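Since the structure of chain Y is provided, determine the placement of chain U on it from the hints.
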Amino acid sequence: MTKLAAHGLAVALPAGWEGRIQKRAVTGTTEQTHSVVHLANFPLPEQRDDFGGGVTPLMRSPDVFVVLFEYGPDSLGTPLFAAQGVPLVRPDMFGSKRLQRPLPGQLGCQQFFTANGRAFCLYVVAGSRAYLPRIVTGVNAVLADLDVGP
Amino acid sequence: MTTAILVVESVVLVLLTLLVAGLLRSHAEILRRLHALGAGLDPDADSTPISLNRSVDLRASDPDSFAAAVDVVGAGLRDDAVHVSIVGTRHRTLLAFLSSGCLTCQGFWDAFADAPGLDLPDDIRLVVVTKNGDEESMSALRGLAPSGVPVVMSSAAWTDYRVPGSPYFVLIDGSEGRVRGEGTGAHWDQVKNLLRQAADDATDDTREVRIDRELLAHGIEPGDPSLYRTAEQISGQSRA
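The listed protein sequences derive, respectively, from chains Y and U. Under the numbering used here, the first sequence has 116 at position 116, and the numbering climbs by one with no breaks. Converting from the second sequence to the numbering used here requires adding 150 to each position, the first position being numbered 1.
Keep in mind the hints are simulated off the structure, nothing from the lab. These figures come from a predicted structure and were not determined experimentally. Each hint can be trusted.
A short list of chain Y residues far from chain U (calculated; beta carbon distances all over 10 angstroms):
#1 49
#2 50
#3 53
#4 69
#5 71
#6 87
#7 110
#8 112
#9 113
#10 128
#11 133
#12 140
Calculated cross-link-like contacts (lysine to aspartate or glutamate; reagent style EDC-like; alpha-carbon spacing at most 20 angstroms):
#13 3/Y / 230/U
#14 23/Y / 229/U
#15 342/U / 260/U
#16 23/Y / 147/Y
#17 3/Y / 310/U
#18 23/Y / 46/Y
#19 3/Y / 145/Y
#20 342/U / 273/U
#21 23/Y / 230/U
#22 23/Y / 50/Y
#23 23/Y / 70/Y
#24 97/Y / 50/Y
#25 342/U / 272/U
#26 3/Y / 229/U
#27 23/Y / 49/Y
Glycine included, C-beta positions come from ideal geometry on N, C-alpha and C.
The following block holds chain Y by itself, in its conformation from the complex (with noise of 0.2 angstroms):
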């Protein structure tokens, strides 16, 4: 299995599934930018938001995507990044209303953590409930395998 690694991030991917490693470019001379990485079972459009816009009308009900977004160091330390290490996702944490853009019959799921140093989310969009254990087990071999550089 080869591994996609840049920017401080390496993972493994499974059989069928892509992925991008990215830092969006700088527009401005104060502005900031962190790492961007999108997994998925399907083929992944060019043109995609940082959180799916382009991507999740394209899911079928199998499918799912995977965002791992990178926040600044002003985050470090809050409470909403106070857990620690890459977290796992569990059936219960998905729900139609964690959906950073509904669509029907999809499910999301947010998760916010801390790995060596740096503040992520993971957001996560299932593309049905009947295949949603199926999605889980499959997204949780993901990210046992990511690793988070300092």
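Showing chain U alone in chain Y's frame:
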């Protein structure tokens, strides 16, 4: 004095003649090579695909000669890491191995800028693969890269798929996890025709399997005499 001038002039004339002959020969060689690359100046020239040292046919005429299918992992054009799934997918992938500098590739970069105009079957995903950043012009690639098509810089993929040069195309069936055809062409229309032929070949394979199954279901096995009757024998039987 006059003799000396004449001798010098003669020598200069001979040297100039040799120089012109050398230039003409060099020019002819350049034209010949351009023609071989599909960029010849003759408008009536046959625009057949470039012949490389491998098959120029995307049809699966010799599947055993194809490289093993693997996912493409490399760098994107915006300081990103990219993993494009090829094996274990529900769709087919057409890998287009291009470079920023090759003359023939320019037509493909232009064609890919209008992704809907490519008229690709719905189940085929187009992915452009170039060599790594140290072998490519990053600024040129950023200018050429189409917005709707993934572009991955991966010299490893060129090695994995045994790509002989650019442009080169490899068609992979994700569900079977294997290469279905590969080859090259000078224009997108040629590649599209080859894709169509590859699809027809696959249909023929399916039809053959279905006929074999139906014959076996009716007790007709390979070597059965009924398979070798002539049209005359069959028509004679039907008249009787």
